[in-house]
Each structure stands twice: as C-alpha cells, then as structure tokens.
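**Q** Place chains B, C and D on chain A using the hints.
4 protein chains.
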Amino acid sequence: VEILSGVFEGKSTGAPIALLIRNRRQRSRDYTPFKDIFRPGHADFTFWQKYGIRDYKGGGRSSGRETAGRVASGAIARKILEDNGVKIRAFALEIGGVRAETLDLAEIEKNPVRTPDAQAAERMKQAILDAKEANNSVGGIVQLQVTGLPAGLGDPVFGKLDARLGGALLSIGAIKGFEVGDGFEVAQKTGRENNDEMKDGKFLTNHCGGVLGGISTGEPVVIRLAFKPTASISQVQQASDIHGANHELIVEGRHDPCIIPRAIPVVESMTALCLLDVWEIQARLKRISSCFDMFKTDA
Amino acid sequence: VEILSGVFEGKSTGAPIALLIRNRRQRSRDYTPFKDIFRPGHADFTFWQKYGIRDYKGGGRSSGRETAGRVASGAIARKILEDNGVKIRAFALEIGGVRAETLDLAEIEKNPVRTPDAQAAERMKQAILDAKEANNSVGGIVQLQVTGLPAGLGDPVFGKLDARLGGALLSIGAIKGFEVGDGFEVAQKTGRENNDEMKDGKFLTNHCGGVLGGISTGEPVVIRLAFKPTASISQVQQASDIHGANHELIVEGRHDPCIIPRAIPVVESMTALCLLDVWEIQARLKRISSCFDMFKTDA
Amino acid sequence: VEILSGVFEGKSTGAPIALLIRNRRQRSRDYTPFKDIFRPGHADFTFWQKYGIRDYKGGGRSSGRETAGRVASGAIARKILEDNGVKIRAFALEIGGVRAETLDLAEIEKNPVRTPDAQAAERMKQAILDAKEANNSVGGIVQLQVTGLPAGLGDPVFGKLDARLGGALLSIGAIKGFEVGDGFEVAQKTGRENNDEMKDGKFLTNHCGGVLGGISTGEPVVIRLAFKPTASISQVQQASDIHGANHELIVEGRHDPCIIPRAIPVVESMTALCLLDVWEIQARLKRISSCFDMFKTDA
Amino acid sequence: VEILSGVFEGKSTGAPIALLIRNRRQRSRDYTPFKDIFRPGHADFTFWQKYGIRDYKGGGRSSGRETAGRVASGAIARKILEDNGVKIRAFALEIGGVRAETLDLAEIEKNPVRTPDAQAAERMKQAILDAKEANNSVGGIVQLQVTGLPAGLGDPVFGKLDARLGGALLSIGAIKGFEVGDGFEVAQKTGRENNDEMKDGKFLTNHCGGVLGGISTGEPVVIRLAFKPTASISQVQQASDIHGANHELIVEGRHDPCIIPRAIPVVESMTALCLLDVWEIQARLKRISSCFDMFKTDA
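Residue numbers (this note's numbering), protein chains in the order written: chain A, 525 to 823; chain B, 525 to 823; chain C, 525 to 823; chain D, 525 to 823.
So that you can see chain A by itself, here it is in the shape it has in the complex (with noise of 0.2 Å):
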C-alpha cells in the first residue's frame, strides 16, 4: 500500500487519505481465452449489457480484487471505532454444510476456515478440499457480532441502522442473503416467543440483534450472510458469448474452491465502514439537537 495523500509525520492531517494498492500479481493472460465469452456465475453478461465495452483482462470492479480498497480504508474506520470501544467480529458460521456448534471466539484465527469451532474447523477444510479435488466450489455463511456500541444508533424509517448495515453489507459480491438477530426464523415464531422482554432496564433477551426499530438497543449486534459458491469452477459449463454462440467452457487460473475465509476480513470491514458513517451523523445530529438541552445522555 501506498500512502498517497492525508498523513504527515505519522498522523493524519485532516486531508482525505488516499490509498494505492496496485494491481501486480495479476496474469491477464488466463483471461485471454474468455475475452468474448460471459462466464457462469460472473458479472461478465451484466456488464456487457450495461457498458458494451469489456475489460476482459480479469473481472475489474466486479473481481474480489475491488475488496482491497474495502479492508485497507476499514482498518482506519475500525481503528476509530475499537477506540470508542466497538469491537467487530465475523466468522465462518457453515462452509459446505458443515456448521459451527461452539462459538468459541478465541478458536477463529486458530484454524485457516475462520471457524469458533476446532473440531468443525477440520471438517469444513475437508469438505473444502473435497470440492476442489472435485474441480467443485462450496458456499456457507458468515456470522457477524459486533459489541460495544451503544444505544441510540441509527435512523428511523429510511435510516435504519440495520438497513444501512444491509445496504452495505449486501454491496459485497458473493452474498445472497442477510439477517440480522433471528432472521428467518422469525417467520415461524409468534409474538410472545420473539419479543425481547425488559427487567431492571436490561433487556432478558436478544431476538432481535440488539436493534429495535432500527436503532441499537446496546445489546450485542448479530446478523448472518450467505455466501454463494465461488463462480470459477474448472469443470465444463455452457456459456453464450458476445455474438450469441455457444462454447463448453471450463475456467482455469487461480480460484479458491470457498471464498469464506477470505471474505471475513471484508465483512468486518464494511460493518466498521458503516457503523462509522451512521456514528457520525448521529453525533452530528446530537449535536443540532443538544442546543434545545434535549438528549440526556452526550454518547
């Protein structure tokens, strides 16, 4: 990484930081054999149709590459937030249908899957190397907690602190769903089971993942991500080109079989990203608002 711009002397001078992180390792020659053909599962068809025009040599903004930019500027949001106490930590909840039973937070950097849980750590390796000796790929979900922030974070009705985590989160390629606290299982639930009931000010429960009308409660933030299988897969497929023929296509060059492990430090990167944006306007509203002595707490 080069440091372009908004340090001085080893702090920052209120200029906007500007990153370079150049694209070396790149072997555009692997994409020579796709130029005109739309790869299953890529961005290559939708940014045909958009643009017309098609930087073939690799996926562009469209490859995991762009997720760089995201970890390198998310270091500095959550290096602001862990001093105010936030801390923000993603893990992987399933790879290939294996599931995490022990979220032992501790285990994560332990094992190369990024799983609290050792004994699934092997099996979700395995069933990792299993789809890659099968030229296959897995998907699986990413578990995301974030502690440490207060309540009163978030906007009601278009600024939603969960919207906007969604909205975010959801901008990282590979994810096809979100939730956040029970998430799905809500659907099946009555009223009684879901609410999260009060004692002495405490909340007793935490169904809805420590946001309430879009707003922190204080309470732990949990939200769950679904990450779709890796697109490149060195097996025949069928694929149209540019011009509307057909071609058997199989994808070579350098693909991970899961992307899980690689995608948590994204995840944790975008949440501090965001979480900074929403702190920060809301500090600026609090701050509009205390002239009117009308907040009591000055979080």
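For the record, the hints were derived by calculation from the structure and aren't laboratory data.
A few of these clues could be false.
One copy or two, either will do: identical chains are not told apart, so a pair holds if it fits within one copy or between any two.
Calculated pairs, DMTMM-like style, for lysine to aspartate or glutamate (alpha carbon to alpha carbon, straight line, at most 20 Å) [what the hints assert, rightly or not]:
{"hint": "1", "residue 1": "LYS559", "residue 2": "ASP724"}
{"hint": "2", "residue 1": "LYS713", "residue 2": "ASP780"}
{"hint": "3", "residue 1": "LYS603", "residue 2": "GLU804"}
{"hint": "4", "residue 1": "LYS723", "residue 2": "GLU772"}
{"hint": "5", "residue 1": "LYS559", "residue 2": "GLU721"}
{"hint": "6", "residue 1": "LYS713", "residue 2": "ASP654"}
{"hint": "7", "residue 1": "LYS535", "residue 2": "ASP679"}
**A** Showing chains B, C and D alone in chain A's frame:
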C-alpha cells in the same frame, strides 16, 4: 390525501409533488398508560435512548403509519415503471408456518392474506385467527418478483442493485431477513449447482435471482423477506420504564395479529421507489458515456 | 404557519420539523392575461423551455413567495446559531443609487428600508417612491455581517465557506453579484495592500472578509450582494408568447418597486441555514478526527 | 499524469477514471523557515485553527497545486460538453488596473496574459513586471463566457444554474467576487433598463447573463470573477506564529506576481465540471418526467 404541490390541471409540473395525509384516526388515549414504559418488541426504548424525549402518542416514526407515505409516493414511481414495462408483484409466501405451494399470481388479490395459493390462503387465515384468539401474533415471509426489468441496471462495488434493494427494503419496519435468488440455500450448494449457465444468449436457470455482480440480468428479480410477528400482543409481558422500574404490561389497542397482508403494498412501493432511483442514475451515467459512443443500447 | 411534525409539548422530538404555509392571498386572476406570454425579467420563458408546461397562476417556484419557506426554517437555524454566539445581520447598503455612509446597526429596524444610516434611509425611501411614481423599479446592494463565528469553519478545496455561502445566497432570486471582504476592489489592489497582517495572534485588518483559504478566521464575515430591480413594472414592454407571437405588455398587479427591504430576512435566513450545515459537517469531521487526538479545541 | 483506472484500449470503460499527478517539483525546504509562522494572506492560520496540525511543506490543499486535479478532470468534462456544442472560454478582463477594451477571443492565446485585447495585453504584462520589480503582486478580473448552452438548464429554488456556478467557481482559491450578466451594475439600474425584452421569440438584450430564474435562457452565460493579488510577496510583513509570538516575515520562493493567466484554465475547467453535473441532473429529471409526456423537447 391532499396534493399540496406539483400538479396543475392534471399534469405534473416538474415541481416536487407534496402529498399530505393527516393521521386522523389516531386514538392517542390508548397510549397514555404506556407513557413511560418501553413496550417489548417496539422502538420505545431505542427512541428514548436516542432522543431522550418521547412522543408517547403512538409509535411516531416507528409506527406502521409512516408507511402511508411510502405507498403514496410509490404509486407514482410504480406508474412510471409500469409505463416502461416493469411489473412489481409481492405476495405472502408463508404465514404462521403455512407455506404457499403453488404460485398463481392471479390468486393474490382474491384472498385476504394476499397469497398466490388458494388452499394455503385458508390455512394462513386460520393461523392468524388462532393467533388472535390466543392474544398472540404470527410472522411470515413475503416474496417479491420484478419482471420486465432490462439487463444492465445497478452499479458495481457500492451501488449494486441487490445492495440498494436490500437497503431500501430493510428500512421497512419488522423485516429481519432479506435474500435474493436462492438466498440462504446457496450456503449448501456447490458452484456447479448454483451457476446459471447460458445457451443461445439466454440463461438456462435463475438461481442468482436476476442479479449478477450487482447488475440486473434481465431475468426476474426474486427476493424474499422475513417479517417478525407483530410486537403488540394482549398478553402479560415484563417491561421496564424510563425510571428503571419494572411493570407487567398488557398492550391493548387495535393491532393486527399479522402485518403481512398490509405490508405487501409497502414492499411493492419501496421496490418501485428504489428501482426508479437506480434507473435514473443509470440514465444519467449512460448519458455522459454516450458522448464517447460507448453503449450499444439506448435503453 | 402550521407545524405538521417534529414538535411535541413545546420541544423538538428529533423528527423532521415540517412547516406548512398555504398561499392564501393569491389573486390568480391577476395572472390570467399573461397565461401564454413571457414576462420580461421573469422566469416564464426559462420554465417553459425547461418543463414545457406552465402553471401561469403566479410565478410558482420562481415567485418571491417561495422564500417564506427559507425564512421559516431559517428562524430555527438562527436560534441554534444565536445560542452559540453567532450573530447574523444584513441591511440595505445601497438602494436606487443612494448609499449608506454610516453603519449604525441599531438604526436598521428603525426605518422601512432597513439601512443602518438614518439620513440615507430618507433618500432611499424617496428613490423607491420616485420609481413607483414612474411605474419603474430600482435595485441595490445588501451587506451581510456575521459575527461570533469561530475560526476553523469551512473545508478546503470544494467545501470552502465562501463557496458554500456563495452557492446558498446566489440561490435567492434577483441576486446577480456576490462578493466577500473587499470583493471586486481586490482587482485593483496589490498583495501588500490586500494581505491581512497579524500581531500578537490577532489580525490587524480584515480585507479577506473573515475567510482565508475557504476557512473562517474568527473575524466578522462580510459579504455584499447585488439585487436587480424588480422585473414587474407597469410600463409597456415588448414580449413574446409561447407561440412566438409578439405583444406589448404592461404587468399590473401588486409589485414592490424595490424588493431589498423584504429580501433582507431572506438573506439572513439562507446564511443561517448554510452556516448551520457547515458547522455540523465540521462537528462531524472533528468527531472522527478527535479519536486521533488531533484537534486542540473542542468547539 | 498517470491514468490509474477507467480506460481500456483507448476507451472509457464506465469505471471511475482515476488520474494521479505526483507533486514532483516541490522544494519543501523553501517552506521550512515558515514552519510555525502564519504567512499573511495564506490559509496557514485557518488550517491551524481547524486541524491543529500543519503540513508546513507547501500549502497542501490550500496550494494552487490542487487545481491540477480540477484541470485534469475538467478536460474530460469539456470534451463531452464540446461534443454537445457547448463552448467555454475565459480570459483576463483586467489585470493590475489595466482593462481590456476590445473582446477579440482569437487574441486570447496569442499573449501570455490571456486577454482578448492585444494592446491591453502589453500594458497588463508591464503591470505584472512592475509588481515583480517592487516585490509586490497584482489582482484582476476574469470574464467567462459560455455559448451553445441550451435553454432550460438549472433548477428552481436551491439548484439555480447561477447558484451552482457561483458555488463551484468561488471554490477556486483567490476569488473574492462573482457576478453574472450586468452583476453589481444592476444595483444602479431601473427595471426598465435591466429587463431583457423579447421579439419574435428572441431576446433583444442579455443583461441577465444567460440566466433567468436560475435557468439558462439559451443566450451566452457571462460571468466575471474578482481575483485577489498573490499573497506571497517578498516584502517584510508582520506575522504571528502558532505560539502567539510576532515575526517580520519575507516570503521567498517561486511565486507568480499575478495568478490570473494560470487561473484561466482552472476557471474553464470548474465551469465544465459544474455544467456537466447540472446537465446530467437535468437529463435525469427529464427522463422521469417524459413518462408523463410533459416535455416538448428531448434535449
């Protein structure tokens, strides 16, 4: 609805169209007993934490009544989209554990629960009545289908079509989950199963739900949304108040035991508003780009 | 004014404050003769070119009546700024060629033309009456002074304080010129004459008008605005209509021969709205930066 | 200039075009003596007040060097506008008290001061050399003319064309005044003198400078900008430092005694960027509105 501005002799003038809907049928005295108490499942606690002031006469901006504005403005957006061939349809896929098995869109408006399966409709209705009888409530799943959308809508990286729809739809109160295409099912699928292959320039499947790389494919956009059960139930619940004291609370008043039938027009309206936004940003960018003769279509 | 939302029991709730002012004293029949004719000096022609439709009953959004909304919302912004020690004052510096020689702010509200020079006030008033007598109108210059603004407001490059104030104030109809500090006079000055030197940490002069590099210096912000003479005059003027035909037009109706006295609260209100925006953006950025312990003040 | 992204095989791809210009010819040691001193007429004091940290190696974002980015991106905007028939031309109207009397645009690039009057060019040049000789600097006025702009650009109320151009141009450092059409002269004119009458659908005069009610008339847009004299002069000036101590300061280094000739491309570039923005917003709104068959033109 009173039209305050923007329409003259039956035509829009280009001025902002302001619509005023007064909240006439409020019965504020229903809320007086809860003046200082945080109702479980509601935004009372989080609004209090955020603002330190409370308009206790109804939920205010966290009330379902704010959706009237979304539906009113969505009606205009829908009209414009329909004139361009875009059809937006949402329906109850599941209520209280009862799932629609057949998807006959013509059935939707024939039953009060707005489901496309006439037989399931009866059982959904019964599930709601049972919940009402038990002073309880039920949740469910809404499915959304958009057809007629051209390929090429949405933007790479942060402005993906599914990210924008996710952010827009998750801003509707009570939604706890969002998925597009095969959604959370992709977690257990392989790349081979999940990729949508093409033949003769057409997609053979639509696992992706009409969006690849954040850009529309031209196939139907398919989204599912998890709705939590209504928070207001006439059962005794534990609750705290603004002073930290404990209460046993029964929420009386006019409350639906299931909000899904009434939420469906809200889902459709937010979809229309979001799609029109994306469409116009797209038009704007195309306009700039067309000066470089870069696009093949003029959509 | 009807307050539609955002205020409960005398306090703002954090919800948007919506104010409704109905345009009751309109006399639309006054405008019927001009239904298809483009009044000279008005926006009739440009609105027609832009929208191709015409709400001929008054100028619509190009009418001075739209400024009621600016003044109503500006009153809230002003109250917040005043609570923070910021004073905003505008006055007539020149009307119909008569210029105020003394700047006694206490005089402003004592005369109907809102000028700080009691003697000039009489001559300005006469200039307006002479114009009225001649079925004509006069222009003038408004000076704006903001005191109590802390140093450090405004942002480098595109968000400069003077750029933002310029954009905000030039959005008021009838303003054709904007200058800050010595304004157009700087064109004939040397660097030696124009630079504001400092001694003991204080500025010795304020040629810059309180803004250096787009950021407030803490000295008074001084701005002058040129207002064109009222376009509606009861003299025969040549005009075209929407069909390209020619007319000799006399614009009857209730029209001020000089809008400056009534424009002054509008200038003050737009200044308040703009400054509050800048202030809050500043607060937001300071908040982020303060995590890096980067600011010495906590303003 | 290094093109980092957005261009592939000579065409733009739709991805953002990132241009990198490194500040190579900096001579930072020139600035070391001023490390803690606030140079008169510069943003040193205000940046210090705002950020409490100082990158003393040149003016940073308050340096004229930041305009390189405006000119580079403006070149792209200009190309698009020119392809649509819009011509943007700025020139020195006045330098050091010498005013151009003839406006022969063909002369502009034939003399080093970029003025349309060959004879005035010599005297302007001499005024600059005299200032240099005296270790001083001079200001002046730039006039901007935009032709080929269609009628109907700009928006009512807050998005007026002149307000947006004003905000954009006042963001250029050193500009202290902005006027459109007859500008400050309107203060001493009557409505009769100032109104632009029409005959046969054409304007007979252009006192308004091509903008009525904030929307373009189709006539040339004429704007004048007052530039202050260069702040850096090699004379002894009184200055304070960050500790409140006093200094007698002489600013050495490479400084232009008049920035106007070099500011002219910056003015043209900002105009192009602003107009393209307005144009596209317009295109977007027209697109929505056209669904209601509301516009007669399809511009």
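**Q** Please go over all the hints and tell whether each is borne out by the structure.
**A** Verification of the supplied hints:
For a Cα distance limit of 20 Å, the shortest separation of LYS559 from ASP724 across copies, 17 Å, qualifies, whereas the shortest one inside one copy, 64 Å, does not. In the homo-oligomer, the alpha carbons of LYS713 and ASP780 lie at most 20 Å apart only across protomers (15 Å), although the nearest pairing inside one protomer, at 38 Å, exceeds that limit. Taking the shortest Cα distances, LYS603 and GLU804 sit within 20 Å of each other inside one copy (15 Å), while across copies they are farther apart (23 Å). In this assembly of identical chains, LYS723 and GLU772 lie within 20 Å of each other by CA distance solely across copies; the values are 10 Å between and 63 Å within a copy.
Only between protomers do LYS559 and GLU721 lie at most 20 Å apart by alpha-carbon distance; the minimum there is 17 Å, versus 58 Å within a single protomer. Taking the closest pair of Cα atoms, LYS713 and ASP654 come within 20 Å of each other only across two copies (13 Å); inside a single copy the shortest separation is 37 Å, beyond that limit. In this assembly of identical chains, the alpha carbons of LYS535 and ASP679 lie at most 20 Å apart only when taken from different copies (19 Å versus 32 Å within one copy).
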